[in-house]
Amino acid sequence: MFEKALKGNNYYWMWLAFLGFFIAVAVVAYLRQYFVGLTITGMSRDVSWGLYISQFTFLVGVAAGGVMLVLPYYIHNFKAFGRITILGEFLAISALIMCLMFIMADLGQPLRGLNVVLFPSPGSMLFWDMIVLWGYLILNILCGWVVLTSERNQIAPPKWIYFFIYLSIPFAFSIHTVTAMLYCGLPGRHFWLTAITVPRFLASAFAAGPALIVIMALILKRVANFDAGKEAIDKIVTIIIYAAIANVFFLAMEFFVGFYSNIPGHMHTIEYLFFGLEHHGNVYNNLVPFMWAFIALFFVGLALLSNPGTRRGNDLWLGLGCASIFTAFWLDKGLGFVLGGFVPSPLEEITEYYPTLNEIFITIGIWATGFFILTILYKIAIGVEHEVEA
Amino acid sequence: MDIKRRNFLKVAGITTLAGLGGTAVVGRLVASSGLAQAAGGQGAAQAGQANLNGNQTNPGVKRYGMIINLKSFRDDPTLGEKIVEACHSYNNVPDVPNPKDEIKWIWMTRYENAFHENYHLYRDEATEKQELPVLCNHCDKPPCVRVCPTKATFRNRDGVVVMDYHRCIGCRFCMAACPYGMRSFNYIEPAPYISNLNQNKPRRMRGVVEKCNFCVGRIEVGQLPACVEACGESKALVFGDLNDPDSEIRKLLRENHTILRNPSLGTLPSVFYIV
Ligand code: SF4
Ligand code: SF4
Ligand code: SF4
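Those protein sequences? They're chains R and E, same order as listed.
Going by this note's numbering, 133 is the number at position 133 of the first sequence; the sequence numbering is gapless.
Quick note, this note's numbering runs 1000 ahead of the 1-based positions in the second sequence.
Just so you know, these hints were derived from the structure itself, not from any lab.
Since the model is a prediction, treat every value here as computed from it, not as a measurement.
Note that CB positions come from ideal geometry on N, CA and C, so glycine has one too.
Take these hints with a grain of salt, some might be off.
As the list claims (entries may be wrong) - Some chain R residues well away from chain E (every beta-carbon gap over 12 Å; in silico):
| # | residue |
| --- | --- |
| 1 | 8 |
| 2 | 13 |
| 3 | 28 |
| 4 | 46 |
| 5 | 139 |
| 6 | 219 |
| 7 | 246 |
| 8 | 291 |
| 9 | 367 |
| 10 | 368 |
| 11 | 389 |
Claimed, not checked - Reference excerpt, derived from the structure (chain E facing chain R, CB under 7 Å, subset only):
| # | residue |
| --- | --- |
| 12 | 1101 |
| 13 | 1113 |
| 14 | 1116 |
| 15 | 1118 |
| 16 | 1147 |
| 17 | 1149 |
| 18 | 1165 |
| 19 | 1169 |
| 20 | 1170 |
| 21 | 1173 |
| 22 | 1176 |
| 23 | 1177 |
| 24 | 1179 |
| 25 | 1184 |
| 26 | 1187 |
| 27 | 1194 |
In isolation and in its complexed conformation, chain R is listed as follows:
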C-alpha cells in the first residue's frame, strides 16, 4: 500500500519538503547536542527536564486521544465514526513515534537506551511507561494496517483483529495513566503529587487529541476530498467540549485546595505559573503569559465550539475553535505542568528555564517528523478510501 504515498500533487510534495527542511535542521541540531552534550539546552540542575519531556508528556495525551473514536465505534457500534477512526489510529502512531524521539533526545546517554530493557526495573514507572507506549504503538500499527487492508480488499476485517482492537482501548488509557504516574508519585514535588494528575491528564488528552483529529479532518476535506461526515465531527466536538471542561474544572480544584488550605507547598507552583512567585525580592514569572494564554484560549475555544453558529455553520470557525483548545492544552500540559513542577527547587531556590535555540530546533524537528509520518499515513488511508469508492 505504500505506493499510494509516492503519488501526489504538487502541494503534497511541497508540504513534505517544508517538513523535511525542519527535519534537516533538527538533525544538525541534534548532532550538535550529541557531540557537545545537554549543556547546550536550557535545562539545569534545578529544572532537569525541559521542552523534550514536556512535549513527550503532551504527545502521549494526543496519542491516547484517538481512543475517543475507537471506543464509541467498536464498543458502542457508533457507525458515524467508521470513516474517521483510522485517522485516530494513525494519529496515535505518529504521536507515539514523536514521544519516543523526544525521550531519546532527552537522554544523556542515548546509546544506552536499551538498558531499560536489559535491566528491567518494575519499580520504575518509566519502565512501565516504555512497555505501554511500545504496546500501544504496535497495537495501533497492527489494527490500523489490518483494518485498512481489509477495506481495500472490500472484505470484513478478520475476527482475530477485534481482540487487538479491544485490547488497544485499555492500553490507550494506560499510556496516559502511567505517564501521569511518572509525576504524581514523586515525594516532595507538591504540584505533581496529587491523585488528580491522572484524571486531569486523561481529560486534557481526550480534548486535545480529538481536537487535532477534527482539524485534520477539516484539512483533508479541502485538500484530499475526504469527508468524515457531519455527524461524526459533531459528536467529536461534543466529546472535546466535555473533556476540556473537565480538565479546567480539575485545575480549578487544584486552585481551591492550594489556596484554601493555605499550605505553601501547594500554592507555590500555582503562584509561579499564574501570578509569578516572589523570592528574596525577585519576582519569577516567565510562564505567566503562557498560562493566561491557556485560560484565554480555552474560553475562546469553548465559545467557538459551543455556539451552534460557529460550530456547525462554518468550517473555519470550527477549525479555529479546535485549534484554540489544542493550543490551550499544549500550553497547559506541554509547558506549564512539567516546567512549573520544578519551581521551587527542593532547596527552596528558584531557577527559571529558558530553552535554547538548539533545543527549540530539535523540538520543532521532532514535531515535523511526526507530521511527516502522519501525512504519509493519511495519504495511504485516503488513497485506499478513494480506491474503494471508485
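Starting from the structure of chain R, add chain E with the ligands where the hints point.
Then chain E with the ligands, alone, in the frame of chain R:
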C-alpha cells in the same frame, strides 16, 4: 491515636499475616520501633515506617549514617569550605563554573534552604546566619532508587545509595524524584573542570547523574569518608553504623536532639543534624 497504639495495631496486623512466625516478627518490630525513636526523636509517622524495616535490627547488616553538628560549623566558619574541598578533590567532582551545569556532592547552604519546613519568622540570629552542609541523605527508602529505570542507582546492603555510572542512561528521573535536590547531572564533559585528578578514583562521563556515595571505596577498606576526615578532631561530622547500638554515632544520637531534613516524606534519611 497515640504512637504506642498505632504500633501495637501494626504489630498485631502483621503478626496475624505472619502466622506461625509471628512471635519472632513481634520481637523484631518492637525492638526496631524503639530503636527508630531513640535514633532521632522522629515523628510518629517515621517511627511507624521504621517498624516495617527489617534491616534496622538485623545485627549482621550495617546501615551507615552521619551526624552533622551545626555548632562546630558556627565555631569554625572555615570548616565548610574544607569539607567541600576534601570531598570534591578526593572524588574528582568537577568545578563547573556555569551554575546551570554545576556538579556538587556536598555544599554549604542556609538553614532556611535545608530546613525550609522548620523555618519561621521569629528565628534566632544563629539560625538566621547558620551555614550548614547538605549531602545525599542515603535514605533508607530512597525515591531515587525506586524510580531509576535501569537500576543504575541502588541501595547497597550497608545502606549506602550508590550509582553505576556505566549503566545510567541519563534520563534524570532520579533528579526529579530526590526530594532533597542532592543529585547533579553531567550536562557538560567534566574532564576539563577537574583541576587535580585523583588517579585512584574514577571520574564520570558526560550524560550521567552523580552524587555523594559516602566515599564507598574508603569505607569498604575501613577508612572514614573524606569529608569526615577533613574535620579532624572537631567531630563536626561523625560517621558510623546506625545498626550498631555501641557505635559512636548511636551514642551521639542517644545523647542529643537531632533533626532530619523533611522527615514527613518517609524517606528515612541517614544523615542527622544536631542544631
Ligand atoms: S537524598 Fe536524594 S539522592 Fe540521596 S538517597 Fe535520598 S533520594 Fe536518593
Ligand atoms: S539518570 Fe541514571 S541513575 Fe538517574 S534514574 Fe536515569 S538511569 Fe537511573
Ligand atoms: S561522604 Fe564522601 S562523597 Fe559524601 S560528601 Fe563526604 S566526602 Fe563527599
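Status of the hints after comparison with the structure:
no.	hint	verdict
1	8	holds, 39 Å
2	13	holds, 38 Å
3	28	holds, 20 Å
4	46	violated, 7 Å
5	139	holds, 22 Å
6	219	holds, 36 Å
7	246	holds, 26 Å
8	291	holds, 21 Å
9	367	holds, 21 Å
10	368	holds, 24 Å
11	389	holds, 47 Å
12	1101	holds, 5 Å
13	1113	holds, 4 Å
14	1116	holds, 4 Å
15	1118	violated, 12 Å
16	1147	holds, 5 Å
17	1149	holds, 4 Å
18	1165	violated, 10 Å
19	1169	holds, 5 Å
20	1170	holds, 2 Å
21	1173	holds, 6 Å
22	1176	holds, 6 Å
23	1177	holds, 5 Å
24	1179	holds, 3 Å
25	1184	holds, 6 Å
26	1187	holds, 4 Å
27	1194	violated, 16 Å
Against the hints set out earlier in the document, violations occur for numbers 4, 15, 18, 27.
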